[in-house]
Amino acid sequence: MNKNPIVLDVNHMMADTLGFQYGISRGQVEEYAPFAAAANQAVQHARGTGKMGWTELPYNQDEIVAKIEKVAARVRENFDTFVVLGIGGSALGPIAVQQALNHLHYNDLPAEKRGGPRLFVEDNIDPERMRALLDVIDVKHTCFNVITKSGATAETMSQYLTISELLKEEVGEKWADHIIATTDCEKGNLIKLAKENGFELFFIPDSVGGRFSELCPVGLVPAAVCGIDIRAMLEGAAAMDERCKGDDVWHNPALLEAVLQYICMEDMGVNMNVTMPYADSLKYMADWFCQLWAESLGKNVTRKGMAKNCGQTPVKALGVTDQHSQLQLYTEGPYDKTITLLKVENFRAESPIPHGCEAFPDVAFLGGKSLNQLIEAERQGTEYALMKKGRMSQTIILPEVNAHTIGQLIYFYEMATAYAGELLDIDAFNQPGVEESKIASYAVLGNTSEKYALKAAEMAKRPAEKKEYIL
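Taking this note's numbering, the leading residue of the sequence shown gets 87, the next gets one more, and so forth.
Hints are computed from structural coordinates only; laboratory data are not their basis.
Be aware that a few hints might be false.
Unchecked claim - Think about it this way: if two alpha-carbon atoms lie no more than 25 Å apart in a straight line, the pair counts; the simulated DSS-like pairs of lysine-lysine are:
| no. | residue 1 | residue 2 |
| --- | --- | --- |
| 1 | Lys260 | Lys278 |
| 2 | Lys394 | Lys524 |
| 3 | Lys390 | Lys137 |
| 4 | Lys552 | Lys541 |
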């Protein structure tokens with residue numbers, strides 16, 4: 087396994103490359119260096135406290151990892167299918183890691199080639215989706231991982247109610263053997279259900295929020311079940327953590343990333359952050375990052391309660407696919423985006439392009455090259471097209487996609503997010519806007535407890551809809 091470090095290349099963010107009209111000068115970065123150092127010191131001081139328990143996950147889980155590996159082996163031995171019931175970070179992380187580290191058509195492989203159960207992550211409550219899942223799995227041979235810290239997440243618990251009822255009908259008294267619960271160690275409904283019914287149980291540390299939870303049992307259990315080396319993921323995260331301990335912005339990659347994006351947001355009006363992997367394996371890392379960045383930084387007040395309304399809108403794209411759908415906007419639309427290209431140096435397969443079509447020079451030149459060369463040429467072409475139009479981009483280079491480099495990448499993004507929160511002087515670990523939506527949803531469904539009843543009364547006073555605006 088290649089354990090070389092991932093690399094952040096910000097040349098195409100800088101004025102040296104783009105010119106002073108469009109890029110960020112080294113002097114601008116230096117101006118923020120004292121604030122960056124203070125941000126790093128604040129993050130390092132808060133390690134393991136409050137909602138920053140995720141900083142310690144690479145180091146404090148030896149016993150937990152051993153248990154996960156033992157349970158994962160038992161699941162692989164006894165079940166054909168593994169289904170994650172979760173939403174948000176409980177789903178996006180497992181999806182991203184599975185896509186990155188296992189076969190791109192993992193579920194379609196025969197069992198002997200897969201080496202583990204088929205994986206489905208049910209991260210939405212579309213009624214057709216649940217019915218479709220039940221059409222392709224046999225619950226008698228399926229293990230369900232129910233993930234919710236509070237045990238009151240409506241989406242996840244509605245799925246649990248559906249599945250537990252079905253298991254009781256199909257399996258009988260051993261139905262609980264088909265459920266793994268991942269939840270809070272003390273509070274909430276799911277811990278009570280787990281103890282009452284004897285579910286296999288893993289805990290989400292109280293100091294780890296959902297979008298920072300991929301390196302705890304939330305993400306490690308599904309990964310281990312599907313044969314991923316979770317110890318290497320944690321080793322990769324620790325390696326990145328070591329690189330991110332210093333105050334020097336030019337030697338701490340996550341701190342440099344936070345400073346550059348802070349300058350984009352606060353000084354340049356660049357309010358969109360596009361992640362564009364040039365590898366299908368990294369496609370869903372962009373989805374995972376979108377939640378991390380949006381939910382952490384999209385805040386309307388500072389820690390002192392001053393109006394702020396900050397944050398960048400994260401956008402997911404895929405190279406080469408979205409060169410043919412979004413790149414036109416990125417190169418000639420508003421100057422409101424920064425684009426992160428994810429590059430893989432060594433793919434896990436080599437795909438040569440045969441010679442042929444010699445009568446057509448604009449096709450024949452491809453012969454003797456490879457898809458590996460072509461996708462990198464396309465990435466360079468995108469980078470150049472953006473540069474020519476004065477659009478900021480940067481590249482994160484993975485020597486190869488493996489458990490170690492994915493652990494590095496996850497931790498890099500988490501640290502960059504924490505640093506950005508410090509620079510913006512906001513709470514990067516709460517999500518009041520999400521909570522407002524949840525409370526309103528439960529009020530609509532008729533939850534009669536006090537806060538939902540009050541919300542229902544508030545909602546009843548909202549402006550009435552006008553028929554002329556409904557066509």
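Hint check:
{"no.": "1", "hint": "Lys260 <-> Lys278", "verdict": "holds (18 Å)"}
{"no.": "2", "hint": "Lys394 <-> Lys524", "verdict": "holds (23 Å)"}
{"no.": "3", "hint": "Lys390 <-> Lys137", "verdict": "holds (18 Å)"}
{"no.": "4", "hint": "Lys552 <-> Lys541", "verdict": "holds (22 Å)"}
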